[in-house]
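Colleague: Spelled out from the first residue to the last, the chains are:
Number of protein chains: 2
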Amino acid sequence: MSKKLTSRSTDYSKWYNELVVKADLAENSAVRGCMVIKPYGYAIWEKMQAELDKKFKETGHQNAYFPLFVPKSLFEAEEKNAEGFAKECAVVTHYRLQNDPNKPGKLRVDPEAKLEEELVVRPTSEAIIWNTFKGWVQSYRDLPLLINQWANVVRWEMRTRLFLRTAEFLWQEGHTAHATKAEALTEAKLMNNIYANFVQDFMAIPVIEGVKTESERFAGADETYCIEALMQDGKALQAGTSHFLGQNFAEAFDVKFANKEGKQDYVWATSWGVSTRLMGALIMTHSDDYGLVLPPSLAPNQVVIVPIYKSEEDLEQITEVANTILIDLRKKNRTVKFDNRTTHRPGAKFAQHELQGVPLRIAIGPKDLANQTVEIARRDTLTKETVHLNDLINRVEALLEDIQQSLYNKALTYRDSHITEVDTFEAFKTALNDKGGFVSAHWDGTTETEDKIKELTKATIRCIPLENKQETGNCILTGKPSKERVLFAKAY
Amino acid sequence: MSKKLTSRSTDYSKWYNELVVKADLAENSAVRGCMVIKPYGYAIWEKMQAELDKKFKETGHQNAYFPLFVPKSLFEAEEKNAEGFAKECAVVTHYRLQNDPNKPGKLRVDPEAKLEEELVVRPTSEAIIWNTFKGWVQSYRDLPLLINQWANVVRWEMRTRLFLRTAEFLWQEGHTAHATKAEALTEAKLMNNIYANFVQDFMAIPVIEGVKTESERFAGADETYCIEALMQDGKALQAGTSHFLGQNFAEAFDVKFANKEGKQDYVWATSWGVSTRLMGALIMTHSDDYGLVLPPSLAPNQVVIVPIYKSEEDLEQITEVANTILIDLRKKNRTVKFDNRTTHRPGAKFAQHELQGVPLRIAIGPKDLANQTVEIARRDTLTKETVHLNDLINRVEALLEDIQQSLYNKALTYRDSHITEVDTFEAFKTALNDKGGFVSAHWDGTTETEDKIKELTKATIRCIPLENKQETGNCILTGKPSKERVLFAKAY
Chain Y
1 MSKKLTSRST DYSKWYNELV VKADLAENSA VRGCMVIKPY GYAIWEKMQA ELDKKFKETG
61 HQNAYFPLFV PKSLFEAEEK NAEGFAKECA VVTHYRLQND PNKPGKLRVD PEAKLEEELV
121 VRPTSEAIIW NTFKGWVQSY RDLPLLINQW ANVVRWEMRT RLFLRTAEFL WQEGHTAHAT
181 KAEALTEAKL MNNIYANFVQ DFMAIPVIEG VKTESERFAG ADETYCIEAL MQDGKALQAG
241 TSHFLGQNFA EAFDVKFANK EGKQDYVWAT SWGVSTRLMG ALIMTHSDDY GLVLPPSLAP
301 NQVVIVPIYK SEEDLEQITE VANTILIDLR KKNRTVKFDN RTTHRPGAKF AQHELQGVPL
361 RIAIGPKDLA NQTVEIARRD TLTKETVHLN DLINRVEALL EDIQQSLYNK ALTYRDSHIT
421 EVDTFEAFKT ALNDKGGFVS AHWDGTTETE DKIKELTKAT IRCIPLENKQ ETGNCILTGK
481 PSKERVLFAK AY
Chain B
1 MSKKLTSRST DYSKWYNELV VKADLAENSA VRGCMVIKPY GYAIWEKMQA ELDKKFKETG
61 HQNAYFPLFV PKSLFEAEEK NAEGFAKECA VVTHYRLQND PNKPGKLRVD PEAKLEEELV
121 VRPTSEAIIW NTFKGWVQSY RDLPLLINQW ANVVRWEMRT RLFLRTAEFL WQEGHTAHAT
181 KAEALTEAKL MNNIYANFVQ DFMAIPVIEG VKTESERFAG ADETYCIEAL MQDGKALQAG
241 TSHFLGQNFA EAFDVKFANK EGKQDYVWAT SWGVSTRLMG ALIMTHSDDY GLVLPPSLAP
301 NQVVIVPIYK SEEDLEQITE VANTILIDLR KKNRTVKFDN RTTHRPGAKF AQHELQGVPL
361 RIAIGPKDLA NQTVEIARRD TLTKETVHLN DLINRVEALL EDIQQSLYNK ALTYRDSHIT
421 EVDTFEAFKT ALNDKGGFVS AHWDGTTETE DKIKELTKAT IRCIPLENKQ ETGNCILTGK
481 PSKERVLFAK AY
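Heads up: the sequence lines are chains Y and B, in that order. For the first sequence, our numbering gives the first residue as 1, with consecutive numbering after it. For the second sequence, our numbering gives the first residue as 1, with consecutive numbering after it.
FYI, nobody ran anything at the bench for these hints, they're computed from the structure. A few of these clues could be false.
Pairs involving identical chains hold if they fit within one copy or between any two copies, as the list cannot separate such chains.
[As the list claims (entries may be wrong)] As a list, the in silico SDA-like pairs of lysine to any residue whose alpha-carbon atoms are at most 20 Å apart: (1) Lys256 with Glu354; (2) Lys80 with Pro104; (3) Lys114 with Ala30; (4) Lys47 with Gln172; (5) Lys54 with Pro300; (6) Lys469 with Gly445; (7) Lys349 with Leu143; (8) Lys14 with Gln232; (9) Lys103 with Glu79; (10) Lys47 with Pro144; (11) Lys349 with Asp142; (12) Lys410 with Glu484; (13) Lys114 with Met158; (14) Lys256 with Asn99; (15) Lys114 with Arg96.
Bear in mind that the values here come from a model prediction, so they are computed numbers and not experimental data.
Using the sequences and the accompanying hints, generate a full structural model.
Modeller: Shown next, in the form of C-alpha cells:
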C-alpha cells in the first residue's frame with residue numbers, strides 16, 4: 001500500500017483529493033475538468049442510482065432519454081435559463097475531422113464540415129425536453145407527465161474538483177408537466193422530500209430542507225427547493241435541488257393543453273436533480289484520516305473476510321468456515337467478499353479495506369479455528385471484538401444496523417452543534433471564521449444585502465428552512481426588520 | 001387510437017417508422033439524427049440493460065465511467081481507429097456562448113472561448129480508456145482488467161433511422177486488458193457468445209456467430225467476432241460485435257506490464273459492445289401489421305387486464321377479481337397491469353395494448369363474473385381462449401413460456417429457410433433479389449472481390465460462421481479456389 005493520507009487537520013482539501021484517488025473512487029482524466037469514475041466509486045454510485053430509481057418509480061415516474069445536444073436556437077428560448085448557463089457551455093461546431101495536410105498522421109477539423117447551427121452539449125435538459133413535451137401534451141388527459149432521465153451533462157467549470165465540481169458529471173434530472181400550479185408545487189416539494197429521505201436514510205447524511213433565495217435559484221425557476229448538508233470542515237454542500245418552474249418553459253416552448261372545460265392553458269412544470277456530487281458529500285461527511293467510511297447501505301462490500309494463515313492446511317480450514325459465513329450472510333442479502341488473494345499479505349489487505357471503507361472486516365486465524373471464533377473490526381469506530389461462530393450472523397446484522405445509525409447520529413450531532421444563532425454582523429463573522437458551519441441570522445430580504453454579505457464574508461444564504469420558526473428581528477447587516485432567520489454558510 | 005399501420009408488404013420501411021412512433025418507443029428530435037427514447041421504449045431498453053449487466057458482472061466485469069470527450073491528440077493516436085471514425089465525429093471547439101451584439105436576445109459562440117485543443121465527442125472510447133489504463137497497469141498482478149461502461153456515443157451519420165442508425169445512441173462498451181494473446185482471444189469469444197445467448201434466449205432472436213472479414217472489421221481490431229440476425233424483410237442486422245484488438249492500443253498508448261519473469265510487454269486488449277440498435281432488431285424480428293410483438297422477457301407489462309363493464313357495480317366486482325390476479329401473478333414475478341382508465345373504452349385499450357405488444361391480454365366482463373372465467377388473448381398468434389379462474393395462473397405461466405419459445409422458433413424457421421447455398425454468381429444475384437436473406441457462397445478471400453460483389457449487388461459478407469463446414473469450392477465471382485463458404489446479405 002502507498003503511504004498514509006494527509007490528515008484532515010493538516011490540509012482538508014488535500015486529504016479529500018488524496019482519499020478520492022487512493023480509495024479508487026475516481027481520478028482526473030486527460031480531458032480538462034473531466035473525471036474517470038473508477039470501478040469502486042462507480043459501484044457506490046450504482047447503489048445510489050438503484051435506490052433513487054426505485055423511489056422515482058414508486059412515485060409514478062418513468063425513465064426516458066433525450067438528446068445530448070441542444071440546438072442553439074432552442075437553448076436560448078427560455079431567456080433566464082440560457083443566460084444562466086451560456087457562460088459554461090461546450091459547443092459543437094463541426095461534424096467531421098480530416099487528415100491535416102500540413103502534419104502527416106495528424107487530424108484537423110474539416111473546415112467544410114461546419115454545422116449550420118451550433119449544438120450546445122446539454123448543461124441541463126429543460127430546453128430539449130420542453131421542446132419535446134410540446135408534442136406530447138394536448139389535453140388534461142395527457143397530464144401529468146412524470147419523466148426522469150439518467151444522463152451525463154457538461155458545464156464548463158473553470159475550477160474543478162473530483163465529484164464536487166467537474167466539467168462533465170452524471171446525474172438524474174426529473175422533468176414533469178402538470179395541469180395546475182398547486183399540483184406542480186406539490187411535485188417539487190415531494191421530490192425534494194424524497195431526496196431528503198434518501199440522503200438521510202440511505203447515505204446517513206443529515207440535511208436541512210429549505211428554499212433558495214431569488215439570487216440562488218435555478219435559472220428559469222420560480223422557486224427552488226433544496227437540501228443542504230454540512231461537511232466536516234464546516235462548509236455547506238447543496239446535495240439536491242427541486243425546482244418549481246411555473247409556466248416559464250411552457251411559455252417559451254408554447255406548450256399548452258385543453259383543460260376539462262376545453263380552455264387552452266400553459267402547462268406547469270418542475271425539474272429536479274441530484275448528481276455524482278453526492279459522492280463528494282458522502283466522502284466528506286463520514287470519512288476519517290484512515291480513509292473512506294461507508295454506511296452499509298452504500299458499501300459495495302459490507303463485510304470482507306480476511307484469512308490469516310501460515311500453512312495450506314490452515315487456509316483450507318479457514319476457507320471452509322469463510323464459505324459458511326458467505327452463504328449465511330448472502331441469505332440475509334448482505335454483500336460479503338472472501339479476500340483470499342495470494343498476492344497480498346493480511347496487513348496490506350487490512351489497510352486496503354480500511355482505506356476503502358468496508359464497514360466490517362472479519363479476520364479468521366488458526367487460533368480462531370481452535371476456539372470457533374472470529375475477530376470483527378468496525379471501520380467507523382476502529383474497534384474490534386471476538387465473536388463465537390454461533391453468534392456471528394446475528395452480531396454482523398446488529399453491527400451493520402448500528403453502523404448505519406451511528407454514522408447518521410454522529411453527523412447529526414456535528415451538524416446540530418454547528419448551527420450558530422447570531423444577532424450582529426461581528427458575531428456573524430466570528431461564528432463563520434472561528435467555528436464554521438451554518439450561521440442562523442436575520443436578513444432584510446434583499447438581493448443587495450445578500451450580495452454584500454457574500455462579498456464581505458464569502459458566505460451565501462444556503463436556504464430558508466422549510467420548517468422555520470417565525471421570529472421578528474433585525475438584519476445583521478442593515479438593521480432593517482426581518483420576520484425570520486435564514487441559514488448562511490460558506491459552501492462547496 | 002390513430003389509424004392502422006402501413007402493412008409490411010406495402011412498405012416495410014414505412015411500417016417500421018410508423019410502428020416505432022405509434023407504439024411510443026421513440027421519435028425524432030429537434031437535433032438532426034438524434035432520437036428521443038420514449039418511456040415505453042426506454043422501459044424495454046432497461047430490461048435489456050439489467051440482463052446484460054447481470055451477465056457481465058457474473059463473468060467478473062466491473063462498471064466504470066470515462067469522459068464523454070476525447071482530446072484530438074489522443075483520438076488520433078491509434079491511426080486505424082482514428083481513420084475509421086474521423087469522418088463522423090462531432091467536435092467541440094468552444095466552451096462559452098455570449099450575447100450576440102447584432103441580435104438582441106440571441107446568443108452566439110464566444111470567439112474568445114476557443115479551445116486550445118479540440119475535443120471529439122466519443123464515437124467509441126478505446127482512446128480515452130487506453131490512455132487511462134496506462135496508469136492502472138504496471139504488473140501482471142494488475143491484469144486482467146475487465147471493465148464495462150454504459151454510455152452515450154455520437155457518430156455523425158448522414159442517413160439516420162430511429163434505433164437502427166442515429167447520430168447519438170446508447171450502448172455498453174466493454175474494454176479489457178490481458179497478459180496474454182490467448183487470454184484476450186478467449187475473452188473476445190466469450191463476450192460474443194454472451195451476446196449470442198442474450199439475444200437468443202432473452203430477445204428470442206436467432207443469431208449466427210461468426211467473424212468479420214478484414215474489410216468489415218472494427219477500425220483498430222485484429223479480429224472482429226459478431227452476431228448476425230435476419231430481419232423479416234430479408235436484410236441482415238449486425239446485433240453485436242466483440243473485438244480482439246491485439247496489442248494495437250497498448251502500443252499506441254504505451255501500456256506495458258511486467259510479466260511474471262519481470263520482462264516488460266505490451267498488454268493485449270479486447271472491446272465489445274451492443275447498443276440501442278438492438279431495439280431495432282427486436283422490433284423487426286417479431287412485430288406484425290398490428291404493431292409491436294414482444295417476447296415476455298422484455299415486455300414492460302407481460303399481462304394487462306382490461307375490465308369490460310356497464311355498471312359501477314360490475315366494475316367493483318371485476319376489480320376484486322383483477323386484484324386477486326394481480327397479486328397471484330406478481331408472486332410469480334410477472335409484470336401485470338390493471339388498465340382501469342376511465343378515459344378510454346375497452347376497444348381503444350385493446351388496440352393500444354396490441355400496438356404496444358403486450359404478450360397477454362386478460363378481459364373480464366359481467367358474463368365472466370357469472371362463470372368464474374376470463375378471456376385471454378395472445379398477442380403473438382392473436383388467438384383467444386376462455387379460462388376458468390382456478391386454472392388462470394398456471395395457464396398464464398404456460399402461455400408466457402410458450403410465447404417466448406414460439407417467437408424464437410418462428411424467427412428461427414424464417415431465418416433457416418432464408419439461408420440459400422449458391423454456386424454461381426447468377427444464382428447468387430437471383431437468391432439475393434428474389435428471396436433475400438443470407439446467401440452462402442464461396443469467395444476467394446480477397447477484399448477486392450468482396451468490394452466488387454458489394455458494388456454489383458449491395459451485398460456484403462456478414463460473417464464467416466464460427467462453426468463453418470470446411471468445404472472446397474470456387475469463388476462465385478472469380479472462380480478462384482476457396483476452402484469454405486461465407487454468408488453474404490444485404491444489411492442494415
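Colleague: Does each hint hold? Answer for all of them.
Modeller: Hints versus structure:
1. Neither within a single protomer nor between protomers do Lys256 and Glu354 lie at most 20 Å apart by alpha-carbon distance, with minima of 56 Å and 30 Å respectively.
2. For the identical chains of this complex, Lys80 and Pro104 are inter-copy neighbours only, at 14 Å across copies versus 46 Å inside a copy, given an alpha-carbon limit of 20 Å.
3. With identical chains, the CA atoms of Lys114 and Ala30 are at most 20 Å apart between copies only, with a shortest distance of 18 Å across copies and 26 Å within one.
4. For a Cα distance limit of 20 Å, the shortest separation of Lys47 from Gln172 qualifies both inside one copy, at 14 Å, and across copies, at 19 Å.
5. In this assembly of identical chains, Lys54 and Pro300 lie within 20 Å of each other by CA distance both inside one copy and across copies; the values are 18 Å within and 15 Å between.
6. Taking CA atoms no more than 20 Å apart as the test, Lys469 paired with Gly445 passes inside one copy only; the shortest distance there is 16 Å, against 82 Å between copies.
7. Taking identical chains as interchangeable, the C-alpha atoms of Lys349 and Leu143 lie at most 20 Å apart only when they sit on different chains, with a minimum of 18 Å there against 54 Å within one chain.
8. Proximity of Lys14 to Gln232 under the C-alpha cut-off of 20 Å is restricted to the intra-copy arrangement: shortest distance 14 Å within a copy versus 60 Å between copies.
9. Within a single copy, Lys103 and Glu79 get their C-alpha atoms only as close as 43 Å, which misses the 20 Å cut-off; across copies the closest is 13 Å, which meets it.
10. Taking the closest pair of Cα atoms, Lys47 and Pro144 never come within 20 Å of each other, the shortest separation being 28 Å inside a single copy and 25 Å across copies.
11. Taking the closest pair of Cα atoms, Lys349 and Asp142 come within 20 Å of each other only across two copies (15 Å); inside a single copy the shortest separation is 56 Å, beyond that limit.
12. Proximity of Lys410 to Glu484 under the C-alpha cut-off of 20 Å is found in neither arrangement, the shortest distances being 28 Å within a copy and 71 Å between copies.
13. Proximity of Lys114 to Met158 under the C-alpha cut-off of 20 Å is restricted to the inter-copy arrangement: shortest distance 14 Å between copies versus 27 Å within a copy.
14. In the homo-oligomer, the alpha carbons of Lys256 and Asn99 never lie at most 20 Å apart, since the shortest distance is 49 Å inside one protomer and 29 Å across protomers.
15. With identical chains, the CA atoms of Lys114 and Arg96 are at most 20 Å apart both within one copy (8 Å) and between copies (17 Å).
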